[in-house]
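Chemist: Sequence:
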Amino acid sequence: MEKITADKYVFHKTCFCCKHCKKKLSMYSYAPLNGEFYCIFHYQQLFRRKGNYDEGFGHIEIELGGCVSPGIKQNDQKLA
Numbered sequence: 001m002e003k004i005t006a007d008k009y010v011f012h013k014t015c016f017c018c019k020h021c022k023k024k025l026s027m028y029s030y031a032p033l034n035g036e037f038y039c040i041f042h043y044q045q046l047f048r049r050k051g052n053y054d055e056g057f058g059h060i061e062i063e064l065g066g067c068v069s070p071g072i073k074q075n076d077q078k079l080a
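For the record, in the sequence shown the residue sitting at position 17 is 17 according to UniProt numbering, with numbers rising by one throughout.
These aren't lab readings, by the way, just hints derived from the structure by calculation. There could be a bad hint or two in this list.
What the hints assert, rightly or not - Taking CB as the label site, the calculated pair distances span:
hint, residue 1, residue 2, range
1, PHE41, THR14, 13 to 23 Å
2, HIS42, THR5, 19 to 29 Å
3, LYS3, LYS23, 16 to 26 Å
4, PHE11, GLN44, 20 to 30 Å
5, LYS13, GLU36, 17 to 27 Å
6, GLU2, PRO32, 15 to 25 Å
7, LYS13, HIS42, 14 to 24 Å
8, GLN45, ALA6, 13 to 23 Å
9, LYS22, ARG49, 16 to 26 Å
10, LYS3, ARG48, 28 to 38 Å
11, LYS3, ARG49, 24 to 34 Å
12, MET1, ARG48, 29 to 39 Å
Unchecked claim - Lysine to aspartate or glutamate pairs mimicking EDC-like chemistry, simulated, CA-CA at most 20 Å apart:
hint, residue 1, residue 2
13, LYS13, GLU2
14, LYS24, GLU36
15, LYS23, ASP7
No experiment lies behind these values; they were computed from the predicted model shown. Just so you know, even glycine gets a beta-carbon here, dropped at the ideal spot from N, CA and C.
Turn these sequences into a full structure, and let the hints guide you.
Modeler: Structure representation (structure tokens):
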């Protein structure tokens with residue numbers, strides 16, 4: 001069985017796939033983020049959704065008064 005090593009992880013060649021669409025990846029067609037792997041298309045698409053990698057991929061959620069509001073930093077809020 002062939003293996004692929006990407007960012008210190010070892011995969012069977014058939015198991016190395018995009019987390020979002022499950023498309024098989026190669027060493028030339030993947031983008032890693034926080035131990036997860038994406039095809040280039042979905043990596044860029046998820047980035048464009050929020051404008052940064054952490055929010056676009058759901059890694060940051062900011063709590064504001066009992067509500068979870070991704071995309072708003074507490075320091076950015078202006079008090080009236």
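Chemist: None of the hints should be skipped; say for each whether it holds.
Modeler: We went through each hint and held it up to the structure:
1. PHE41 x THR14: 13 to 23 Å: The hinted range 13 to 23 Å holds for PHE41 and THR14, with Cβ atoms some 20 Å apart.
2. HIS42 x THR5: 19 to 29 Å: 22 Å, holds
3. LYS3 x LYS23: 16 to 26 Å: Between LYS3 and LYS23, where Cβ atoms are some 19 Å apart, the hint holds.
4. PHE11 x GLN44: 20 to 30 Å: At 22 Å between Cβs, range holds.
5. LYS13 x GLU36: 17 to 27 Å: Taking Cβ atoms as reference, LYS13 and GLU36 lie about 18 Å apart, which means the hint holds.
6. GLU2 x PRO32: 15 to 25 Å: About 20 Å separates the Cβ atoms of GLU2 and PRO32, which means 15 to 25 Å holds.
7. LYS13 x HIS42: 14 to 24 Å: Roughly 20 Å apart at Cβ, these two residues keep to the hinted range, so it holds.
8. GLN45 x ALA6: 13 to 23 Å: With a Cβ separation near 20 Å, GLN45 and ALA6 satisfy 13 to 23 Å, so the hint holds.
9. LYS22 x ARG49: 16 to 26 Å: 19 Å Cβ-Cβ, so the 16 to 26 Å window holds.
10. LYS3 x ARG48: 28 to 38 Å: 33 Å, holds
11. LYS3 x ARG49: 24 to 34 Å: Holds, since LYS3 and ARG49 (Cβ atoms, about 33 Å apart) stay within the stated range.
12. MET1 x ARG48: 29 to 39 Å: For MET1 and ARG48 the Cβ distance comes to about 36 Å; the hint holds.
13. LYS13 x GLU2: Holds. LYS13 to GLU2 sits at ~6 Å (cutoff 20 Å).
14. LYS24 x GLU36: 14 Å, holds
15. LYS23 x ASP7: 18 Å, holds
In this structure, every one of the numbered hints holds.
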